[in-house]
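K.L.:
So the chains spell out like this:
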Amino acid sequence: MANSILEVKGIKLAFGGVQAIDDCSFHIEEGTITALIGPNGAGKSTMVNVISGTYRPDEGHVIFDGKDVTRMPNYARAQHGLLRTFQISREFANMTVLENLLVVRQGQVGESLFGALFRAKSWQAQTKELVAEANEILNTFGLYRLRNEYAGNLSGGQKRLVELSRAVMAKPRLLLLDEPMAGVTPALIERLGQHILELNRELGISFVLVEHNLEVVEKICSRVVVMALGKQLADGTLAELRSNQEVIDAYLGGGARERVGS
Amino acid sequence: MSLILGYVATLLVTFFTYNIFVIGLNIQFGYAGILNFTVITFMAFGAYFYAVFVMPHANNASQVFYILGLHWPWPLAMLAGVVASGALGYLVGLIALKRLRSDYLAIVTLATGTLVYGLFGNNNKLFDGWSGLFNVNQPFQSVATNHPNEFSWIFVVFSGVVMLVVWLFANRLYASPLGRSMRAIREDQDVVDSFGRNSFKVRMLAMVIGSVIVGIGGVLTIQYIGALSPAGWTTGETFVVWAALLVGGRANNLGAIVGSLLVAVVFNEATRYIPQVPSHPNLIPNLRNVIIGGLVILSIWFRPQGVLPEKKASFLEVPLVDKYAQGFPGDEPENALSPAASEA
Amino acid sequence: MTIFLLNIGFGLVTASVLSLLSVGLSLQFGVTNFVNFAYGSYLGVGMMLAYTFSQTLHFPFWAAAALGTIFTGVVSMVIAEGVLEPFVRRRKSLFYMLIVTFGLSLVLDNLLQIFYGVDFFQYPVAQSSPVTIGPFSFTTAQLEIIAIAVVAMIGVHLLLSRTRLGKAMRAMSDNMDLARSSGIDTKNVTRWTWFLSGCLAGLGGIVLALNIVSFQTNSGETLLFVIFAAVILGGIGQTYGAMLGALVIGMVTEISTSFISSAYKQDIAFIVLVLMLLLRPQGLIPAKGKA
Ligand SMILES: Nc1ncnc2c1ncn2[C@@H]1O[C@H](COP(=O)(O)OP(=O)(O)OP(=O)(O)O)[C@@H](O)[C@H]1O
Ligand SMILES: [Mg+2]
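Chains as they are written, first to last, in the working numbering: chain X, 190 to 451; chain P, 21 to 364; chain G, 975 to 1265.
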């Protein structure tokens, strides 16, 4: 059995009166693409926020790569390779697409004040290499010719691609994607799915994919975790879950039907 | 003739010091999105602390009181003044740069300004209260006392060199990965955090660097004039710096230069010699402030990016073959990326 | 001990002045979601208009105060419609909205000085000798200030809980999108909010002037951050929180004068603000989705 790269244990989190996550546990295996599905308000985004460190849970533990990161701030988790994207695109609007990518690479010489001032030769050389690397990534995502556009001027679908390529530039080990295909044309959904598969195969990045579109889930995810009302309801392959009555009641057959495959 | 020369020298020194203020604010606001509504307090900190480090012990017989009076050599005192204003920036940052809305920081800076102003003015044991400090030791002191005109020109060169250093520093910072992180934080702080940067630290750095630079301008101001009192650093002065930055162009240091030339030098000087209305001695300064405030508002309406907008980043690169030059497999060409998908 | 109790009495007066001001700022913040840095200048507008109505135009003082209050509301509404809302409609970022209101404060303060100069003014009201009530001692003016504040707070409470306008304001404060989609005329409500906020600022300025007796156009200016402190203490955008914040700040600053020089009153407010930001930035009564 493969190692689990991420484990959440007994997470609870309430906002005022709303118990957004209520004793939820599951694990993610290294090198897999796992879907996190559930009806609206199930607590998926909140869970992504807990895993990435944006929210601190009231109870429970987040274990990344064998290490308890529950008390670690979000930037420190990211430094260990645990990264996320947001449900709504959040590009750096007044910076070019290329710069959006350059910002996120860690360990640059010119990140410290001393380095920025006194090791200019060194960071200039490094930036040149990073530009080449970023251009390669942008080229795979079809954004190469837009590299010098301000990210804020792109279309919604293009911003989605920027989010994904920016995440790739940051060299994640586990990438949490919160509805990367929301509000995207069918053709682009197809491509995003392909990209995720390739990143998983070629770079070995593990994924957690929050997604309502079950067609996509079926195509690229090897395992599915179902959440409802803040709890983990079931997990397994999509085929297994299709015959699980609880899941059908809570999600597949419920009010969310119209969103399935939309 | 010498009068005109002296005037020109003063104009140049004003230009250089305002440039320094604007660059300091630019690093805070233009780079890192920090709203500092009391820029001028940092200038006063630099100036006052320089003064009390460089002046001899207060002579109580003359009824002038101030703290310290260490009589340090002026370069060291200069350093002390700059450290003081940097320290103030650090304190303000500690209070307000934690993950709070940007209004809070603005409120804290404003409150700090009000408080420091009252404290320095009402308390005559600190920096001699409302009368302020005078006879502050100047650099090149013997020239200053014996040949005031030559001193002016030496000081033009001196402040010009300081300004140049600050300018080069600011530009290098802008282009560096650190500067890029600052600008990314200006756009979206949370995202920068979630990619592994401690945005609090980076913002704090911008806050302190900006305060230090404004402090340098403050030291130069008091070095040139040899005196400073609270009347010389009212809220209106903070607006002059803001107006210069917004008119010139935020996040563009060349814009900062244009802005301080237009606002701090041309506008300020052009209005300086309008004769006073005897019945309303404050009319002209009040009108000036109305115009400066209006300028801030109008520039945001008509040209928020300023006369010289932020430059688009460009990089030296080896061109690639665009894999998708022909559009995307399975998509109609050109159409593929154009329709703005509706956000949920 | 007696001085301590006396100061509690003064605390009540200061809290009354502050409650008007912090509720006015808080209502507007809740609905528009940006802080108005020109709010301090509205105090000056109210103060001076009441002066003009009573001294120059010879209205009875109560009528002058009422007119000053209402006209400040109108000024606030006109500024919002003419200057601020156009910026909002252009979707200027929060940064720019704050800078615009900051610039506005400079314009207003200096316009006031152009019209009224830098002299000290007094309202034409007789200075009564203090009345002793239990351990407290108040001037008639101070008693009136407390009464005005209590009536105004009850009025605000009734407005928010009983009227359609008040309910709409609360709905917009809680969730703008939801309010808009449920058919609230947000534009109109925003307009009335600015009016109300201006009225409270004007009235607050007038009672402040009554309390300090002799005033200048900019006497309200330094109070701005004390008002902020009360608003943040209560939880930004929370009206009842702002009342509570005003009470706490008013009491703390006045009681502190039993122990330290009254010159440092504002510093105490600043310390409360700082502690609050460090320990509980969401305020005593946190608002949903704000801060
Ligand atoms: N910041 C917050 N404050 C208060 N309540 C919140 C907050 N964030 C989420 N909630 C509540 O927590 C519950 C879970 O929300 P969450 O956004 O995690 O759901 P989700 O599964 O991501 O739904 P969707 O599919 O619509 O994105 C919801 O009831 C939501 O209203
Ligand atoms: Mg969600």
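Heads up, a few of these hints could be off.
[What the hints assert, rightly or not] A few chain X residues that don't get close to chain P, going by computed Cβ distances all over 12 Å:
(1) Gly-199
(2) Lys-420
(3) Ile-437
[Unchecked claim] Covered by chain P, according to a simulated footprint, are these stretches of chain X (three or more residues, beta-carbon under 8 Å):
(4) 290 to 298
(5) 331 to 342
(6) 388 to 399
[Stated by the list, open to error] So, partial list: chain X residues that the calculated Cβ filter (under 7 Å) puts toward chain P:
(7) Phe-204
(8) Asn-263
(9) Asn-324
Simulated from the structure, these hints should not be mistaken for lab results. Cβ coordinates follow ideal geometry from the N, Cα and C atoms, glycine included.
K.L.:
Quick check: which numbered hints come out false for this structure?
P.N.:
The structure breaks hints 6 and 7; every other hint is satisfied.
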